[in-house]
Amino acid sequence: MANLTAFEFLDPQKQTANPAAINVIYGDEPFLKRQVLARLQQVVVGDAPEIAPTTFDGATAIWRNVADELATLSLFGVGKPRLVVIDAADSRGPQGQDSFLSRCRHLLETYITQPVSSGVLVLLANSWPTNTRLFKALTKSGLQIDARAPQQSGRGAKGVDEKAVEKWIVQWAQSRHQIVVAATAARTLLQLVGPHFGLLDQELAKLALFVTPEEPVADQLVEQVTGGWQNKTMWEVLAAAASGETAIALEHLDHLLQSGQHPNALFGQISWSLRRFATATQYFQPPRNGSPESVANALQTALQQAGVRDWPKGNLRSAAAQLRQLGSVRAKQLLTWLLEADLALKGSHANVHRARFVLETLFLRMSKAARA
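So in the numbering used here, the last one in the sequence shown is 375, and the numbering has no gaps at all.
Quick caveat, the hints were computed from the structure, so don't treat them as lab data. Where hints are given, some of them may not hold.
To be verified - Derived pair list, reagent style DSBU-like, types lysine-lysine, alpha-carbon separation capped at 30 Å:
id: 1; residue 1: K143; residue 2: K83
id: 2; residue 1: K166; residue 2: K209
id: 3; residue 1: K209; residue 2: K83
id: 4; residue 1: K143; residue 2: K316
Work the whole structure out from these sequences, hints included.
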């Protein structure tokens, strides 16, 4: 039937794709997943609050029970199919049991050839490989929706498509919060928050309290409302860490943690910025003459290609200096360091008290002393 992105599926200007017997919503953006699932539910059963979907935990769900739900007519929704959701369909159980997808893949491949009309199945997954027979079968007969942040397309393009996110901010502000956000204000909001859609939605809800439906949200208002002391401190943390001023970075980090900020939330903002440094190393072309000025210009060009903007004025020059401080060897290791930190925060250091050590270790790796 269709393979769509969440943006395409949720676009109010496009006709919503019809649900299939099996629908997959995959990706690492919980907010987009929830919005897609809500739209699917609305299409399948309408706005009736009494017709709630049946939800199974993917780690423990048994196909027999899922199949029974799909084959059972809805008690309240006369003439409407039952919506059955498998949450975390690709996650292992608490004792290391195989995920629902691993255990039931062949059953799903068989089911899609002869599905029942009384139920609609939705699988929620973090990853969804395209090289499986199930993916290929659902490309023909199912609906697969990519709920990740949109990525740049084209040869050599990498990273989040910021233009697409900015466009979404403008559209979402209008459709959900009934406010008008200028394109420049959307860009400012994205720079402050990063491509975290749940946080962007929360900030738009706050901005809606400060303007009338006819009054456009301007850059200055975004900076005042969203760019509070915590965001300012976060930028100071990143600037100090990348500049090798580890003591200052650790001090600011401690202030944020003492104020109640969770290390995982801070890591999202940290990784968003540091990934750009890593990407810039791939774009960097050493100048022939090697003069400090030409190197600085080449670094700024690479950073621009990686998505760093000269906002506020002078940010690009500062970022180039930070990248020089890191050096090419460490900058190329950033993605590996970020992956290690992400895995630790989700595993061995998931506890909030241990999580801070992950961030502190990352900062120490970027210190001036570690460069030697």
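Exercise for the section: Starting from K143, check that the Cα of K83 is at most 30 Å away, please. Expected result: At roughly 24 Å apart (the allowed maximum being 30 Å), K83 and K143 satisfy the hint.
Handout entry: 30 Å Cα cutoff - pair K209, K83
Key = violated (38 Å)
Handout entry: Pair hint outcome, K143 versus K316 [Cα-Cα no greater than 30 Å]
Key = Status violated; Cα separation ~50 Å.
Handout entry: Given pair status - K209, K166, alpha carbons within 30 Å
Key = holds (22 Å)
Checked against the numbered hints above, the structure violates hints 3 and 4; every other hint is satisfied.
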